[in-house]
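Engineer: What follows is the residue order along each chain.
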Amino acid sequence: GAGVSQSPRYKVAKRGQDVALRCDPISGHVSLFWYQQALGQGPEFLTYFQNEAQLDKSGLPSDRFFAERPEGSVSTLKIQRTQQEDSAVYLCASSNQLAAFVFGPGTRLTVL
Amino acid sequence: AQTVTQSQPEMSVQEAETVTLSCTYDTSESDYYLFWYKQPPSRQMILVIRQEAYKQQNATENRFSVNFQKAAKSFSLKISDSQLGDAAMYFCAYRSYNNNDMRFGAGTRLTVKP
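Those protein sequence lines, which keep their order, are chains A and B.
Each residue of the first sequence is one higher than the one before, counting from 13 in our numbering.
Each residue of the second sequence is one higher than the one before, counting from 55 in our numbering.
With the rest of the complex left out, here is chain B (with noise of 0.2 Å):
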């Protein structure tokens, strides 16, 4: 079964600095997508950024960013110039091929600071 890790359980950043959340997984498969959810306290999860496996070029999505390093299991995101709308939980999810549903990790808690 796969697993996906996020090692931080909460991350702090400057209102309009950088911060990246880890994100490591496990599988055996080749082909699967890695995904970036942003759950805000109304706990509504909407979705940051994908990324599909068999794509070098790692996606990007306005201030949001990834580093997909398939070898290591890896899969960070980068949050350009914080905003304070950018504070939330975030979570690591995991979707293979096959399977239908969607493994997630156990999320980061961001605090932006005005």
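Just chain A, same shape as in the assembly (with noise of 0.2 Å):
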């Protein structure tokens, strides 16, 4: 597609839920990124993936937090038994290489 696109673009969940969060990449790119950001914070790492490899997740907060893309294009983040400092805006991003990344447009979630 022109962009990346996520989905929901606004999550609300009830303490304990868990939660599945869509990424829609660039056709082509291969590098994946997601980002999480708090209300007033810059964006903060948690995982990448370079085709279907998982390369690095040593950004994900806790084991609750689970990344996955197995065909190498969509990805999905998935956080189970959601606390309230999980809501934030997650951000996903694509690349080709060492280009600079597009953001999608980010998804609120909001824990109550």
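There could be a bad hint or two in this list.
[As the list claims (entries may be wrong)] Listing some non-contacts, in silico: residues in chain B with all C-beta distances to chain A over 12 Å: (1) S66; (2) S76; (3) N116; (4) R117; (5) A126; (6) Q137; (7) V166; (8) P168.
[Unchecked claim] Ranges between beta-carbon positions, derived for each pair: (9) B:S61 x A:K26: 37 to 45 Å; (10) B:D80 x A:K26: 37 to 45 Å; (11) B:S96 x A:G84: 24 to 32 Å; (12) A:K26 x B:T114: 48 to 56 Å; (13) B:L101 x A:Y22: 21 to 29 Å; (14) A:A50 x B:T74: 24 to 32 Å; (15) B:S96 x A:K26: 21 to 29 Å; (16) A:K69 x B:Y151: 15 to 23 Å; (17) A:E80 x B:F118: 32 to 40 Å; (18) A:K26 x B:Q68: 40 to 48 Å; (19) B:K132 x A:G28: 44 to 52 Å; (20) B:P94 x A:D30: 27 to 35 Å.
Since the hints were derived computationally from the structure, they do not count as laboratory data.
Ideal placement from N, C-alpha and C gives every residue a C-beta, glycine not left out.
Using the hints, build the complex out of the two chains.
Structural biologist: Right, here's the structure in full:
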């Protein structure tokens, strides 16, 4: 597609619910990144894929967070047993090798 | 680990005037990329300008230019002839040649006064 798309754009979850956030990167972009952005803060790195391989997951805050990209295109970020501190905007970005990132519009997650 | 510091949480500028946003970074690497991203209230991050560290010439994109001082590890953004549409959060970001993730500063909120 022309840009990176993310769905849903907004998600409200009750504490303890599982959520799944989807990212559709730009076609042909081998690299895909997930970031977490708290209100008023800069994006914080979560995890990185090159094609279907998850090469770095050092930024995932706990084992409740899980990401996958099984066919090297669409990626899903799953958060199990959501907590209030998980409330944030989750940004997905894709890039070609060393080019600049192209970001999606983000998913705003609110955990009540 | 690389860190990116934006020391100005908020800045304001009069329409048609010039404003400079500051950014410093800490790295032991010699090859890397630097970026400025703009994030309007809609929250979509948009690339404003990029600079390769090996290039001495400062990058320019229309009204946007950078002052890249490699020795000082400084990377400021100058916006000339500011427009109301420039109002947004601006993030400075660092990406090394070796690591794939991008590190962001905390951002500067720019207000443009008519």
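Engineer: Hint by hint, note whether the structure agrees.
Structural biologist: Structure-based check of all given hints:
{"no.": "1", "hint": "S66", "verdict": "17 Å, holds"}
{"no.": "2", "hint": "S76", "verdict": "15 Å, holds"}
{"no.": "3", "hint": "N116", "verdict": "17 Å, holds"}
{"no.": "4", "hint": "R117", "verdict": "19 Å, holds"}
{"no.": "5", "hint": "A126", "verdict": "21 Å, holds"}
{"no.": "6", "hint": "Q137", "verdict": "22 Å, holds"}
{"no.": "7", "hint": "V166", "verdict": "19 Å, holds"}
{"no.": "8", "hint": "P168", "verdict": "25 Å, holds"}
{"no.": "9", "hint": "B:S61 x A:K26: 37 to 45 Å", "verdict": "39 Å, holds"}
{"no.": "10", "hint": "B:D80 x A:K26: 37 to 45 Å", "verdict": "41 Å, holds"}
{"no.": "11", "hint": "B:S96 x A:G84: 24 to 32 Å", "verdict": "29 Å, holds"}
{"no.": "12", "hint": "A:K26 x B:T114: 48 to 56 Å", "verdict": "50 Å, holds"}
{"no.": "13", "hint": "B:L101 x A:Y22: 21 to 29 Å", "verdict": "25 Å, holds"}
{"no.": "14", "hint": "A:A50 x B:T74: 24 to 32 Å", "verdict": "27 Å, holds"}
{"no.": "15", "hint": "B:S96 x A:K26: 21 to 29 Å", "verdict": "27 Å, holds"}
{"no.": "16", "hint": "A:K69 x B:Y151: 15 to 23 Å", "verdict": "21 Å, holds"}
{"no.": "17", "hint": "A:E80 x B:F118: 32 to 40 Å", "verdict": "37 Å, holds"}
{"no.": "18", "hint": "A:K26 x B:Q68: 40 to 48 Å", "verdict": "47 Å, holds"}
{"no.": "19", "hint": "B:K132 x A:G28: 44 to 52 Å", "verdict": "48 Å, holds"}
{"no.": "20", "hint": "B:P94 x A:D30: 27 to 35 Å", "verdict": "31 Å, holds"}
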